[in-house]
Every structure is written in C-alpha cells, then in structure tokens.
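Residue numbers (my numbering), protein chains in the order written: chain B, 1 to 539; chain V, 540 to 870.
One thing to keep in mind: the hints can contain errors.
No more than 27 Å apart at the CA atoms, straight line, and that leaves these computed lysine-lysine pairs for BS3-like [stated by the list, open to error]:
1) V:K690 x B:K379
2) B:K384 x V:K616
3) B:K435 x B:K12
4) V:K616 x B:K239
With beta-carbon atoms standing in for the labels, derived distance ranges [as the list claims (entries may be wrong)]:
5) B:E69 x V:M540: 17 to 23 Å
6) V:L810 x B:K351: 52 to 58 Å
7) V:A677 x B:V349: 44 to 50 Å
Calculated directly from the structure, the hints in this document are not laboratory data.
Ideal Cβ positions, reconstructed from N, Cα and C, are used throughout, including at glycine.
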Amino acid sequence: MSKLPKPAELAKVSYQLPKTGWMDTPVEFKPGMFCHGSKPKSLELVGFPNPREWRPADADWKLPENWKEIIIEGIADRLKKYRSFRLFMDICVRCGACADKCHFFIGTGDPRNMPVLRAELIRSVYRKEFTTAGKILGKMAGGRELTLDVLKEWWYYFYQCTECRRCSVFCPYGIDQAEITIIGRELLNLLGLNIEWIAGPVSNCYMKGNHLGLEPHTIVGNLEYMLDDIETVTGKRIKPTFNRKGAEILFVTPSGDLFADPGTYTAMGYLMLFEELGLDYTWSTYASEGGNFGFFTSNEMGKRLNSKIYAEAKRLGVKWILGGECGHMWRVLSQYMDTWNGPADFLEVPKSPITGTVFENAKSMKMVHVAEFTADLIKNNKLKLDPSRNDHLKVTWHDSCNVARGMGMLEEPRYVLKSVVNNFVEMPEDTIREKTFCCGSGTGLNASENMELRMKGGFPRANAVKYVHEHHGVNMLGNVCAIDRASLKALMEYWVPGVGVCGLHELVANAMIMTGEKERTTDLRGEPLPSVAAKEEKA
Amino acid sequence: MTAIISFIAVLLLVAIGYVGGSAGPSVRFLFGVVIPYAAFIFFVGGLIARIMKWASSPVPFNIVTTTGQQKTLPWIKHSKIESPYSAFGVVIRMALEILAFRSLFRNLKTQLHEGGRVAYGEAKWLWMAGLAFHYSFAIILFRHLRFFIEKVPVAVQMTDMLDSFLQIGAPLLYATDVVLLGAVTYLFIRRVAIPQVRYISLAADYFPLFLIFGIGATGVLMRYFTKTDIISVKMLAMGLISFKPVVPDTIGAMFFVHLFLLSVLFAYFPLSKLVHMGGVFLSPTRNLPNNSRAVRHVNPWNYPVHVHTYEEYENDFRDKMKEAGLPVEKE
Ligand code: HEM
Ligand code: SF4
Ligand code: SF4
C-alpha cells in the first residue's frame with residue numbers, strides 16, 4: 001500500500017493545468033488513487049462477464065478480443081435506453097459552471113475530475129462514433145478514437161466519481177455526471193472491469209443477502225452483542241425477532257450497521273426505539289441489506305439485489321417496510337425500487353401504528369425512512385426525551401448526497417436532531433443541504449488501498465467540519481448513511497481529529513427515556529453521561 | 540489554437556458572404572434566396588429530427604435532482620418548486636430554468652485559501668452575461684419581424700421603441716445591440732481567461748460565439764455605418780416569406796455577409812451544442828416531479844432478471860438457521 005501523505009501536504013492542492021490539452025495528456029495511475037481489480041470469483045458468482053485475475057496497474061488487462069465492439073455496441077444500446085444519456089451527450093455547452101463543484105476536483109486539482117471533463121471522456125468517443133460532425137472532423141469536432149488508453153482513462157476516472165450529483169445541481173441543463181458515471185461503469189462491467197471492493201460485496205449480497213457476507217447465524221450473533229451492550233446501559237433485555245411471518249413491519253437497514261462502530265450504535269438505537277414503541281416488526285436475514293452495491297455496477301445488478309426486499313416483505317406477509325439510515329440506499333429505494341420490482345400491491349400504504357400517521361408520500365413504494373418515522377413520533381409527543389444526556393456533544397449535520405439530491409430529505413433528520421440534542425450547529429451554507437459535499441468514499445470507493453483518493457475527495461467536507469469545529473467547538477458529525485459512518489470516521493481522524501461520527505438514531509436512543517430503564521450512567525458508547533461526569537468531577 | 544481556427548473559419552465565412560454579395564445577379568440570388576431557404580429548412584428539419592431522436596429514448600427511471608425539501612409529513616415545509624411534487628411545481632421549476640437560468644444562478648466560486656481553507660464566493664457574472672446574451676438575442680430576432688410583416692405589429696413597434704430608449708444617435712441606438720455584442724465579448728473573454736474553462740473549450744465552443752458576434756457586428760455596421768437601403772431589404776424579406784423571392788440590386792454586399800452568417804448559424808444549429816435550446820426542456824433531472832415513492836414510474840424496457848430466491852437461500856443456510864433459532868419454511 002502507498003503511504004498516505006500528511007494532511008498539511010494533501011491540503012496543498014495545485015490547480016495548475018497541464019500544458020497539453022487533456023486528450024494529449026497521458027493518464028498516470030497513481031497508487032493510493034485507485035482500488036484493486038475485481039477477483040474472478042466475485043464476478044463468476046453473479047455471472048458477470050470476463051472473470052479473470054487482473055491488476056489495474058498492469059499493462060495487459062486481459063480483455064476479450066472484440067472489446068471495442070462490445071463497448072461501442074454498449075453505448076449504442078444505452079443511447080436507446082436512456083434519454084438522459086443521449087441528451088447529456090448532446091447539450092453540454094461547456095460553460096464550466098460545474099467545474100469546481102466536484103469534491104474530487106477541489107481535492108485533487110486534476111482537470112479530468114471536473115464533471116464536464118469526466119463527461120467529455122465518454123462524450124468524445126460518442127462524437128467520433130455516433131455524430132456526423134465527429135466522424136468527418138474528428139478531433140476538430142472534439143471526437144476521438146476509443147483506444148486502450150481511453151478505456152483505462154475511463155476506468156480511472158469513473159472510479160473517481162461518487163455519483164453524488166452535486167454537479168447536476170449547478171448545471172443549467174441539469175446534466176448529471178452521476179448518470180454518466182453509472183453508464184460508464186456499466187460499460188466497463190461489460191469487460192469485467194470492476195473493483196473488488198464493489199464486486200465482492202455484490203456477490204456476497206447476492207448469495208448471502210448482505211454486502212458483508214454475514215450469514216444468518218452471524219447476524220443473530222452480532223445483534224446479540226448489541227443487546228448485551230444495551231442491557232449494560234439501560235438494564236433492559238430486548239428480544240428482537242428475525243424472519244417472522246405475520247409481523248406488521250419489515251425493517252431493512254444497511255448491513256454495515258451490524259458490523260462495526262459507529263454504525264453498531266445506530267443499530268442499537270433502532271433496537272431500543274422499536275422496543276420502547278412495542279413495534280410489531282421483524283428483521284430479515286434474507287433481505288439483510290438496505291444498501292445496493294449492485295447499483296454501482298449495472299442497472300440490472302441493482303435490480304437483482306434490490307428484488308429481495310419486496311420478495312421478503314411478500315413472503316413474511318408484512319404490511320409495509322421501514323428502512324434504516326443510508327444514503328445511496330435511499331436513492332435506489334426512492335427512485336428505482338418501485339420501477340424495478342414494483343408494484344408492491346401486496347403491501348399497504350405505510351401507517352405508523354403509534355401515531356396513526358399515513359405516509360402518503362410513500363403510498364406506492366410502501367417504504368418509510370426511519371427519520372421520517374421518528375420525526376412523526378416526536379412531533380406527536382410519543383417519545384420521552386432528555387436531550388441533556390447528549391450535552392457532552394456539539395453536533396453538526398452532514399446531509400448525505402443521495403438523500404439530499406436524490407430524495408429531498410433535509411428537514412426530517414434536522415427536526416429529530418434538534419429534539420434530541422441541545423447543541424446543534426450548521427456547517428457553512430454552501431456545503432449543506434442540496435449543496436452538500438460527499439464524504440469522498442461513496443459508490444463503493446470506501447476501500448483502504450485508495451485512501452489518498454478518499455482523503456482528497458473528502459477534503460471539502462472535512463474543511464467545512466473543521467470550520468465549525470474550530471469556531472463552535474463541534475465534536476460530533478451526525479448523518480443518516482452507513483457509508484458515511486464508516487468513511488467519515490477515517491476522514492475526521494485524518495483532517496479534523498477530535499470530531500466523532502454518529503448516526504441519528506444513536507443520538508435518539510441516548511436521549512430517549514425508556515420505560516423501566518435503570519438510571520443510565522453512560523451513553524451507548526460507554527462514555528459517562530454529562531451529569532455523571534460533572535458529579536465525578538465534583539467528587 | 541482552437542479559438543484561432545474558429546476565428547479563421549468565421550472570417551472565411553465573412554469573405555464568402557462578401558464575395559457572393561458583390562457578384563452578379565445569379566450568385567446574389569444564391570446567397571439571398573437559395574442558401575437562406577436551405578438553411579431554414581435544415582434548421583427546422585434538423586431540430587425536429589434531433590428532438591425526435593431524444594424523445595425516442597425513454598426515461599426509464601425518475602431521476603429528478605432534488606434541490607429542496609421533499610413532500611412528506613404535513614407539518615414539514617415542502618419546497619414546491621425545488622422539489623416539485625405536482626405537475627404545476629414542475630412547470631414553475633422548468634419556467635425558472637428556461638426564463639431565468641435558475642440553476643446557473645446558484646453558481647459559486649470555489650477557492651482554496653492559504654492554510655488549506657476552502658471558501659465559496661458569489662459568482663453571478665456568467666449568469667448575468669448568459670441572460671443578457673440570450674434575451675438580447677431573442678429581442679433582436681423579434682425586432683426583425685418588422686422586415687417580414689407588411690404592417691409592423693404593435694408589439695414589434697413597442698419593442699423597437701423600448702429598445703431605443705437611450706435616444707442616442709440617428710438612427711436611434713438599440714440597447715440590445717450593445718448588450719448582445721458586450722455579452723458575447725464577455726463570454727468569449729471568460730472562455731479564454733479562466734484557465735479551467737479554456738481547458739475544456741473546443742472549437743465548437745468558440746465558433747458560435749464568433750459567428751454570433753459576426754452577425755451582430757455586421758448588423759450594427761449596416762444600421763449605423765454603411766447605411767443599407769431598408770426598403771429593398773424589406774422587399775427581399777417579404778419576397779422570401781411569400782415565396783416570391785426577389786433580390787433588389789440596391790442591397791449592398793454587407794447585407795449578404797449578415798445574411799450568410801445567419802444562414803450558417805441556422806444550418807449549424809441542429810448539429811451543434813446550440814440544440815441545448817430544445818434539450819433543456821427534456822432534461823429528466825429537472826422536468827420530473829419528485830413523487831416516485833407515491834406514483835410508480837414505469838420503465839418500458841424493464842425485464843425479468845435472475846434473482847437469488849429465498850428458497851435457494853434457505854437451502855444454502857437451513858442448518859445454520861435452525862441452529863440460530865430462526866424459523867424455516869422446510870424442515
Ligand atoms: C430555450 C432557449 C435557451 C435557453 C434556456 C438557453 C440557455 C443557455 C444557458 C443557461 C447557457 C449557459 C450560460 C451561458 O454561457 O450563457 C447557454 C449558453 C449558450 N447559448 Fe443558450 N439557451 C437557449 C437558446 C439559445 C439560442 C437560440 C442560441 C443561439 C443561437 C443560444 C446560444 C448559446 C451559446 C452560444 C451559448 C454558449 C455561451 C458560451 O460560450 O459561454 N442559446 N444557453
Ligand atoms: S454546467 Fe452543464 S453545460 Fe455547463 S459545462 Fe457543466 S455539464 Fe456542461
Ligand atoms: S457526481 Fe459528484 S463525484 Fe461525480 S462528477 Fe459530479 S460532483 Fe463529482
């Protein structure tokens with residue numbers, strides 16, 4: 001693994017452009033900036049093309065003889081299938097409004113990370129192959145031949161885009177580079193050019209139900225550990241159910257939250273909340289993944305993995321589905337699931353059994369985000385809360401890209417947050433809500449071999465956190481995303497030491513007074529509560 | 540380099556127009572009648588073909604980009620335009636995009652300061668120049684109707700009057716002439732002056748700017764300097780739209796340059812990035828409502844896929860499931 005430079009060094013980003021035009025500037029694969037290639041086994045398990053041992057840094061990528069044909073045909077096919085793709089290939093005026101909006105450009109200064117140039121990587125080939133002007137004028141018209149170098153360039157840069165959609169907010173035509181990256185990665189997948197950090201979780205999820213490959217007994221076991229911890233903190237033993245037929249609600253959350261902290265604290269939060277409500281719900285070990293790494297490979301794979309959620313809801317005979325905190329997961333659920341695997345007419349329009357609120361906004365896809373669910377509970381005074389238990393925290397809020405720009409859930413988590421903590425500070429306006437910055441590790445780029453890329457990509461986000469850390473003493477970064485919880489932790493350790501990362505429902509559970517609980521002395525992390533800490537200090 | 544090539548190309552077009560306009564009657568007929576007709580047909584046909592082509596590809600998913608709060612619980616303030624739920628909201632959102640360049644208005648300038656602090660500053664110049672350019676272009680086109688309609692409509696007269704409100708010179712100076720040339724000049728300068736924008740620019744980005752500047756400049760030359768015979772130009776224009784084309788001898792060569800450049804612009808339009816005029820209406824990140832959870836969006840090419848069923852899963856893990864106390868379908 002390459003050595004990660006010091007923060008002070010990485011913060012010195014040079015925006016100096018190469019002397020030569022981008023088409024004439026060769027791409028250098030820099031260690032730390034890309035992930036390991038996919039392993040043959042991961043591709044074979046799900047029937048992806050061209051499984052083989054390969055390494056991205058090698059000259060020979062072991063491509064099929066007719067790889068060029070495959071790609072060109074793949075483009076033609078997708079031009080017919082996606083109006084977005086066809087349109088976005090044609091209408092960009094290269095005004096440059098999107099150029100400095102990408103966190104990867106801000107953090108690397110690499111011109112190919114300007115969203116407009118990332119699109120040109122593929123657009124140039126489109127011109128050459130699919131437009132009259134490009135066929136005749138070639139380079140004069142911005143066209144270029146598809147060569148092996150071009151293909152490598154695509155791979156390098158489509159795995160330096162986290163499909164965060166920030167660029168699309170600023171483009172006067174709504175050109176969404178995420179859409180182009182999605183299609184670019186689909187094309188690469190036709191040749192088996194995936195990364196293992198995505199391909200591995202995809203095959204795990206296909207066979208075992210979740211990205212981490214947790215088998216049924218491991219899921220139960222992992223939850224047991226959490227239940228022990230909950231008992232230590234609250235004195236209450238919770239007994240959740242799994243794969244239970246006839247439950248009212250199926251709960252689906254990203255598997256990351258069952259595996260490592262701080263995600264596990266969020267999962268503990270769910271368990272405690274549902275227990276306190278006496279919710280008639282079940283976990284599933286088959287549909288044990290809310291997230292969808294398949295979406296980072298191809299539309300078809302996304303659909304294949306997603307199918308389990310409705311299938312399991314149907315098998316168990318639940319009324320509706322409740323979804324945990326996650327980012328890309330909710331883009332897929334909001335904008336794809338019903339189209340792919342619906343209509344879910346065997347389910348009922350979600351209705352909170354506690355407040356009676358009907359979630360009309362989810363009346364077709366039948367799935368509610370847990371932040372929406374909890375906001376409704378709090379609004380209706382259904383929870384006893386003591387926000388002072390979170391007084392040791394000064395919290396700021398990270399809007400996860402896909403929840404913000406692919407769903408529009410901005411206020412619900414803020415409402416919940418303000419109800420469970422006393423100290424909440426927003427980051428600067430241009431870095432939150434629809435303009436929020438990616439953690440730098442989305443779309444399956446949260447591996448370890450590309451740590452330099454992740455730290456560079458997360459630079460603008462970290463910068464904004466640093467601002468509120470220095471000016472307002474913020475020490476906790478809240479969010480509703482499993483990838484965030486995993487990746488922001490590393491990002492904070494690197495750029496803003498002293499700021500922790502947590503999910504929303506960890507804070508909810510800390511503040512929530514449960515019936516019959518013992519007097520709590522610590523939070524879910526086992527840290528002494530502020531009141532206790534104050535007493536200890538006095539003593 | 541690409542800028543220079545585009546510049547030379549436009550100069551060449553100017554020369555061609557000039558030579559054509561200075562030649563004998565049959566060549567002047569070619570430049571005054573045949574080419575404009577052809578360009579117009581190409582423009583309309585090409586644009587329709589392009590739009591049909593876009594429309595022929597479906598929108599398989601609702602991929603709206605939300606830039607505001609979704610509609611959820613009744614007590615949470617819904618952002619009706621930035622995250623529209625109804626068709627009405629979408630119409631307003633689109634109107635703002637098209638008439639006011641809403642998204643471009645958000646533009647920011649990202650700067651990295653000493654000590655590694657990133658700051659975001661206002662950046663409204665592109666938005667302003669963009670609006671100035673497009674509106675003056677539209678108004679100028681509209682004013683040109685006075686050549687094509689025998690009795691000039693009141694709306695056109697009014698526009699004329701308002702546009703010359705500065706009351707300078709004779710003939711009166713149109714504000715839009717100044718704004719158009721100024722805005723195009725700005726758009727060109729920023730293209731070469733901002734390193735990132737220069738880096739992404741193609742010949743196809745400079746060419747329309749020079750071309751439009753050329754059209755504007757020849758128009759201004761004719762109106763204020765070389766003094767073209769308006770009556771004969773109107774005769775030509777009226778002839779064109781009534782399909783009884785005539786090319787009066789009294790029209791100077793400068794007019795032919797103007798007309799030829801415009802013809803080139805029309806013909807070039809459907810082949811180039813200028814089709815953004817039609818495309819902006821079709822953009823699926825903007826023209827869809829954010830209601831995909833409430834109303835199922837249908838994908839016409841949705842097809843069945845291989846899935847790993849629960850049955851297969853249970854077969855793989857039955858023993859482990861039983862051991863962990865999980866219910867199973869088959870013992
Ligand atoms: C519905 C109609 C139209 C809309 C909404 C629209 C919108 C825009 C926007 C938002 C930009 C980017 C900002 C800028 O560079 O100004 C732009 C650029 C441009 N538009 Fe349009 N436009 C329309 C029609 C036209 C027409 C009819 C023409 C001319 C023939 C045109 C020519 C251009 C050119 C040349 C640029 C690039 C400017 C540059 O190089 O920076 N547009 N348009
Ligand atoms: S903002 Fe849109 S039109 Fe402008 S360069 Fe970027 S993608 Fe192209
Ligand atoms: S989607 Fe996000 S990561 Fe990708 S180009 Fe746009 S801003 Fe950059």
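Checked hints:
| no. | hint | verdict |
| --- | --- | --- |
| 1 | V:K690 x B:K379 | 66 Å, violated |
| 2 | B:K384 x V:K616 | 25 Å, holds |
| 3 | B:K435 x B:K12 | 23 Å, holds |
| 4 | V:K616 x B:K239 | 37 Å, violated |
| 5 | B:E69 x V:M540: 17 to 23 Å | 33 Å, violated |
| 6 | V:L810 x B:K351: 52 to 58 Å | 55 Å, holds |
| 7 | V:A677 x B:V349: 44 to 50 Å | 47 Å, holds |
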